[in-house]
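Whole structure, please, built from the sequences with the hints as guidance.
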Amino acid sequence: MLHSELSVKISSVQKMEAEIKTIKVTIDNITIDVAPGTTILNAARQIGGDVTPPAMCYYSKLEGSGGKCRTCLVEVAAGSTADPRPMPKLVASCRTGVMDGMIVKNITSEKVPEARAGVVEFLLLNHPLDCPICDQAGECHLQDLGYDHGKEGTRYQFARRTFKKEDIGPYIQLHMTRCILCYRCTYVADQITNKRVHGIVDRGDHAAISTYISQAIDNDFSGNMIDVCPVGALTDKTFRFKNRVWFTKPMDANRSCTTPGCCGKATLWLRGEEVFRVTARKDEWGEVQSFEGKPGWICNTCRFETKETSKWNIEGLTTISRHSVIGANKYNTLEMPKETIKKVMSGVEPKLLMDIHSVSGVNTNDIHLSELKGPAHSEDFKK
Amino acid sequence: MQALTNKAKQVNRAPMSFMEKLYLPAIIKGMMITFSHIFKKKPTINYPEKKRPFSPVFRGLQILNRDEEGRENCTACGLCAVACPAEAITMEAAERQPGEEHLYKEEKYAAKYEINMLRCIFCGLCEEACPKDAIYLSETFTPADYQRKQFIYSKNDLLIPHPKENEEAYLKALGNRPQKQTL
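Chains as they are written, first to last, in my numbering: chain A, 1 to 383; chain B, 1001 to 1183.
Each statement offered as a hint is correct.
Capping the alpha-carbon separation at 25 angstroms, the derived lysine to any residue pairs in SDA-like fashion look like this:
hint: 1; chain 1: B; residue 1: 1155; chain 2: A; residue 2: 360
hint: 2; chain 1: A; residue 1: 265; chain 2: A; residue 2: 305
hint: 3; chain 1: A; residue 1: 151; chain 2: B; residue 2: 1106
Reference excerpt, derived from the structure (chain B facing chain A, CB under 8 angstroms, subset only):
hint: 4; residue: 1077
hint: 5; residue: 1082
hint: 6; residue: 1107
hint: 7; residue: 1108
hint: 8; residue: 1131
hint: 9; residue: 1132
Beta-carbon label-pair distances, calculated as ranges:
hint: 10; chain 1: B; residue 1: 1164; chain 2: A; residue 2: 64; range: 53 to 59 angstroms
hint: 11; chain 1: A; residue 1: 155; chain 2: B; residue 2: 1087; range: 34 to 40 angstroms
hint: 12; chain 1: B; residue 1: 1141; chain 2: A; residue 2: 121; range: 42 to 48 angstroms
hint: 13; chain 1: B; residue 1: 1087; chain 2: A; residue 2: 301; range: 34 to 40 angstroms
hint: 14; chain 1: A; residue 1: 346; chain 2: B; residue 2: 1148; range: 24 to 30 angstroms
hint: 15; chain 1: B; residue 1: 1023; chain 2: A; residue 2: 352; range: 53 to 59 angstroms
hint: 16; chain 1: B; residue 1: 1125; chain 2: A; residue 2: 129; range: 18 to 24 angstroms
hint: 17; chain 1: A; residue 1: 165; chain 2: B; residue 2: 1164; range: 25 to 31 angstroms
hint: 18; chain 1: A; residue 1: 348; chain 2: B; residue 2: 1097; range: 45 to 51 angstroms
hint: 19; chain 1: A; residue 1: 364; chain 2: B; residue 2: 1144; range: 26 to 32 angstroms
No lab work stands behind these hints, which were simulated from the structure alone. Keep in mind that this is a model prediction, so the values were computed, not measured. Cβ coordinates follow ideal geometry from the N, Cα and C atoms, glycine included.
Rendered as structure tokens:
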């Protein structure tokens, strides 16, 4: 279907600009016609499925991103029809444009999986394996990548780089130790928000994301940095430690937001009736979904300040990929199943030997986690 | 009718012989077997006074572990709860504050942790799933009780005794089995 949609799109482009040739590229023995100037990664995404190389730093909605993490390496077996020599080294598919008659090998290559596993191991050199604490666990691209390549453990025996903890505002939690320096967040700040107040300071091993002079990020779209972060370096402080993603119920919802540039379409992550987190909607590549050709960024008001279901129009449950651990939440329908015993027994209430809610100390009514501004602390549970 | 297998046995309905009609030889034979067991080794033990050693793979009551300094290992990662086939485990996490470092090992900890022992099937998957060596199945049974609500075990019921404040109880709770090595 994608293919046909694409060819329709391409044919319309052709009509518009008189005579632009499409070029043929073969990726893992699948041939596709793409517009000139397309990168190998985007051509592979048009095919979809397993032939698409993973990308940790490239983000199609952010101009200039890519070329930093090297996870999208592919083998070019033939450069083009005119010059069919293979490229001597593996190339970063997000930064390499396709040529007519190019033959690319991704999963069919012998070199690529091994090289990519090496890249994953390099990315994990300084990445702390603190997934049990990290709020990104379960939707982390690096975690998926590590497990996909059998590199979930570590061979590294030296001290990992550490950073002084830095507070970058009331909404976003920065864990610099987890950062893989993909630069996506700086591109968000550059391209979506009106002024960038954070960037990457220092070089090499010391390189770190920081706000200049610890200036708080307080523009309306800074929250989107959380969504573009492929790891748990930037996480939602209002969701911090509230729950694991695979126990929450994701729901698609929209509201008419007055902030200019906010699309108002979001995913709510609920536990019971409480909205724990609001994120932008994600597409199949883990990027923010596009609506009418525009990326569906959401503003901080929607993301951090609108945590009541009454303020949203619920569209339905979010479809979760069956490979994702989030599917373990077991939410199949939006409605809670109704009690049937009373109905069947002609109005007689079932005799409960024990009501778990009266005994259990978890999920009690005396503490509402969604109302807390940040993570819960010991005094919150002492009330 | 032909039998499907050769396992069917025809019942012998022949009339009893004189010796069989006496019954006494059969009774004496049976009594001899009973008598001979007096001199054999007893397969049973006197339970509350004497206890058998547990098998190395015995799966008993869960315990929440502490490290050697007495800090709680659990970080409320939720892997035990997602691994639990009986959905017996629930928890709520909180952030460790400055000054609480002696209580909790990591920056996040389980403020509440609950196992519904009525649901638990002692499969040991929580122990398998735990990345922090925080939960494991000990060598004790869940004690019996008269009320159902007593089987909802909170964190206080599950935590191992403090290794420094109550070393004896800690070592006893730790059991004799070799401990799982953490990364």
